[in-house]
Amino acid sequence: MINVVADVGLLCLLLTVALAIVCTRSPLSLVLLSGIYSIALCTLFVILDAVDVAFTEAAVGAGISAILFFAVIRPEDEPVTAFSWPSSRAILLGLGVGVLLLAGTLDMPMYGDHLAPAHQHLALRFLGQSFEEIGIPNVVTSVLASYRGYDTLGEVVVIFTAGVAVLILQPDNKKGPAKPGDRDRFAPELMGNPVLKTVLLRMIPLVVLFGLYVQFHGDYGPGGGFQAGVILGAGVITYGLLSSATRLKRIISDKWVTLGMALGVLVYGLVGVAGLFLGANFLDYSVLGPTQTAGQHLGILLIELGVGLTVSCTMVSLYYCFKQGES
Amino acid sequence: MTEILGSLLLLLGVLTVLVGGVGLFRFPDFFCRLHSASIVDTLGAGLVLLGMLVLSGSVVIAFKVAMIGALIFFLSPMTAHALARAALRSGMHRDKPGSGPSTGGMK
Amino acid sequence: MDSLIPALENHLPILQVIVPLLIAPFCMILGSRRLARGIMVLTAGIMLAITLGLASLTLQQPVITYDLGGWAAPWGIEYRVDMLTVFILFTINLVHMLASVFCLGRQDGNLGTAARPAFYTAWLLCIAGLNGMVVTNDAFNVFVFLEISSLATYTLISCGREPLALLSAFRYLVAGAVGATFILLSIGLLYMQTGTLNISDLSRVIAERGSDRTIILALAFFIIGVGVKCAVFPLHDWLPNAYRFAPDSVTVLLSGTATKVALYVLIRFLHDLFGADFGFAEMPLDMVLVVTAIFGLLLVPFIALRESNLKRMFAWSSVAQVSYIVMGIGLGTRLGIEAALLHLFNHAIVKTAIFMAVGIIIARTGTARIRHLGGMAHRHRFASCIMLFGGLSLIGLPGTVGFVSKWVLVTAVVDKGWWWLAIPILAGSLASAAYVWRIVEIMWTKPAVLKPEAPAARLHWVEWLPLSVLAGLALWFGLNASLITGLASSAALGLLNPGG
Amino acid sequence: MSFPGLLNYWVALILLVCGLIIVMDSRNLVKKLVGLGIFQSAVFLVFITLGKKSDGSAPILDASVSVYSNPLPHVLILTAIVVGVATTAVGLALVARIRRAYGTIDEDEIDDRPEVEPEIVP
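Chains as they are written, first to last, in our numbering: chain A, 7 to 333; chain B, 15 to 121; chain C, 3 to 502; chain D, -9 to 112.
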């Protein structure tokens, strides 16, 4: 009952924020609104039992996306009028499409229906047998890393591709490396503020610790390589914001970041190739250990490390690249 | 007993947040609003977390809730500080409501 | 070593994809542009070899499957190779091989030194994603690899010299992301009603349960989503500018591979997933596809005729040619698919050659404006002749490959009883003759507009070799069509009767 | 319990249309990307809703729980969210470059500029 109330309430919130976004023109307000939207969506995902997804949405929607958007928007983009209705042509088209789609939803199974076809076929085996076959309690991790491990390899490659893309797109810095005294336009208020520095610098080890916890606890609870990578990356970026990107680059240079990005994909891929050499199919972890579950455990541990490495390095690389574009 | 105590704390926390939300709308200028938002945020979230702490059955969950509480205790005032400082730096003053740079949808 | 080769044979389907996928990050680590280029061509060669290996395997065994992670089909992700797969793999890997040789001679893009190896990494990721889409038999896996190739493609396009390349890439990104999300939604709706993601399994379950409104909705979303990726006529908006502003080598690669793979996914999903009975008997899909195709092939040539930029003119022509392929798919018959496949192959070869020739001319003259090209044919004979030959093939003149596929298409149309469709096909060909003639007239008969460039740069082997191979193939398949028609027809047969 | 019924899907549908309207109607490149995010999130909502079982709990095996929601849509959406943020990152990098090249992120202002092509005198 309480779930349903929360579900409906959050749906209303989502609709309100989405409508506000349709009518808003100011980029700053848009980014803030989309952050609120993400948090609402993430809470809704918890209500709908998708804790891993909610975790990711929180890290991505409210975290990375917002940071990236803030790196791109500028005060001079703010329009004179902050609010405008969409054109009537778009509204009409949207309404038309919406009514058509509404008719298409009528055969769908109801909310929470136990007999819905989606719960019958594949899901039965994942829920019923994954513990014997893989031996970890978080079924989402089992499916993600083993049954559909190849999709996850694809996912890591997508992140890597985005990292490569942003590297290619970063403007060539012809002025040479930035001087140590350069102000960080990314977050000017963070630098040289004793309060922030005192609190946040002490937070960084905790953030890193939390990241490692999420990395290695993903088998038993929500979390895993992706979320851990985002958290670790956030910890490193916080340091960059507090001192300066130049300082951070002296500790972790661009080259190492790029290397880590590529290495993560290679780790994942080579775990798969190891299966080939041991006489099994690509990404079959069962042959990696003495027993099937031991092999699956080892394989999942390794590939999650690869995911974490690629994601965290890509985060830092994104920060460097967007930083570069500001000079 | 613990159940009643926990529920009371949760309720109190929610009410506090609600009051803060009203303050956010009713106060005249940026700094008053910030005041309402930040103090209430810390107290309200703290009360809710305390309620959850009381209600949580296991030590592990209680520990995690306590960690979240500690995090909010440190970070929430800090955020308010950063916001206030940013506002002050960009030329917003208490005696001139609504002054300062254009902030999009904000008045 | 002896034991490794038969073992490798079993793993060919996965090697086709993971070889480029894992070499790409390796390329990035090396960080050297020269090495990256060498590796890129080498990888292209290996991929073509793997395709040929797969082709020889499919001759013995019509369907090869491969369970990734060792999980049996509907639970894990499955790779599935049959004649049709091999046909498409051969097309795109052949084009990729030649395009990467061609790429060696280009100093494309305004890239910083640090970003150069990244360009080749993105190139490899793009082709890896496309190969992954072809080989997989899992609906969601299609989406994942579609996104890999798309992200890499946006990046490659944005490397173009002019700043408008950035805006074109952005517009393609938005259109492509909307299309991919439609495909994702379609997969979600299918999963909602069937509980499975494997394409063969999906088709079995749909056949058992029968269709309902949700499945119809899924079909509609799928057609729109994949239509954006194929640049089917009303959804083609991103293509002309993306092709025009992309670096020359990227245009060459994309025109022969990206839209072709999207068309393959369309064929695969319509027949293997939704089932021809559902799509063509229950739903009026044949009418929808054929009507959009008619509009595309009749209207687009007129846009091309008014185009002032050589590269974009041929990009428009690609939109028109896609319409012929869509018409073949829309017929839904065996002959229709055969015609679509033939045209797909021919267009991949011919358009790749044309864009190579265009790239060579643009690199020499420094302009792509059609009115600047007066008299160029006499200065750049080889490239201009190839362009002319390609243009004739686009029209479908007898003796060219274009004739073969259009002939089969007309046969298919008559066979289906829709003989009146032959009229738009002929009209479309005449219209394309108009824009090809315009180029010929300017390049051969008009006086030179531009001063001759300093010593006319000779053609490098990386320029004439791929061009000659493509022209040779086009000529050979045009004169001796039986081999390629045979392949296309058995691929179509394998699609429609998977058992026999 | 049949109350929410198809409500989640309908809301997802409205969000989908909202996202589409933003993408089509907006001329501001940043707003387009925000719209794209909403458009994608609507699809995420469809997937997650279809995986929900009433009175179910998160698919983390535990002796005290008997009904679990369907884990497969969660896996798919995890991947899709990551793909979405990757697209957004590439899009924003493009926007940053477009701003450097044109000094604006408004499509109308960019389209208004005449196309510069090397004009060569014969």
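I should point out that these hints are in silico values taken from the structure, not numbers from a laboratory.
Just so we're clear, the structure is a prediction, and the values are computed from it rather than from any experiment.
Hints are not guaranteed to be accurate.
Unchecked claim - Now the in silico label distances, taken between C-beta atoms and shown as ranges:
1. Val103(A) <-> Leu37(C): 36 to 42 Å
2. Leu97(B) <-> Ile8(A): 53 to 59 Å
3. Ala51(C) <-> Leu106(A): 47 to 53 Å
4. Glu17(B) <-> Ser54(D): 46 to 52 Å
5. Ser44(D) <-> Leu106(A): 25 to 31 Å
6. Ser44(D) <-> Asp239(C): 27 to 33 Å
7. Gly134(A) <-> Leu477(C): 45 to 51 Å
8. Phe137(A) <-> His49(B): 49 to 55 Å
9. Asp279(C) <-> Trp262(A): 19 to 25 Å
10. Ser93(A) <-> Trp463(C): 51 to 57 Å
Just so you know, even glycine gets a beta-carbon here, dropped at the ideal spot from N, CA and C.
Each hint tested on the structure:
no. : hint                                : result
1   : Val103(A) <-> Leu37(C): 36 to 42 Å  : 50 Å, violated
2   : Leu97(B) <-> Ile8(A): 53 to 59 Å    : 34 Å, violated
3   : Ala51(C) <-> Leu106(A): 47 to 53 Å  : 48 Å, holds
4   : Glu17(B) <-> Ser54(D): 46 to 52 Å   : 19 Å, violated
5   : Ser44(D) <-> Leu106(A): 25 to 31 Å  : 29 Å, holds
6   : Ser44(D) <-> Asp239(C): 27 to 33 Å  : 44 Å, violated
7   : Gly134(A) <-> Leu477(C): 45 to 51 Å : 60 Å, violated
8   : Phe137(A) <-> His49(B): 49 to 55 Å  : 52 Å, holds
9   : Asp279(C) <-> Trp262(A): 19 to 25 Å : 57 Å, violated
10  : Ser93(A) <-> Trp463(C): 51 to 57 Å  : 55 Å, holds
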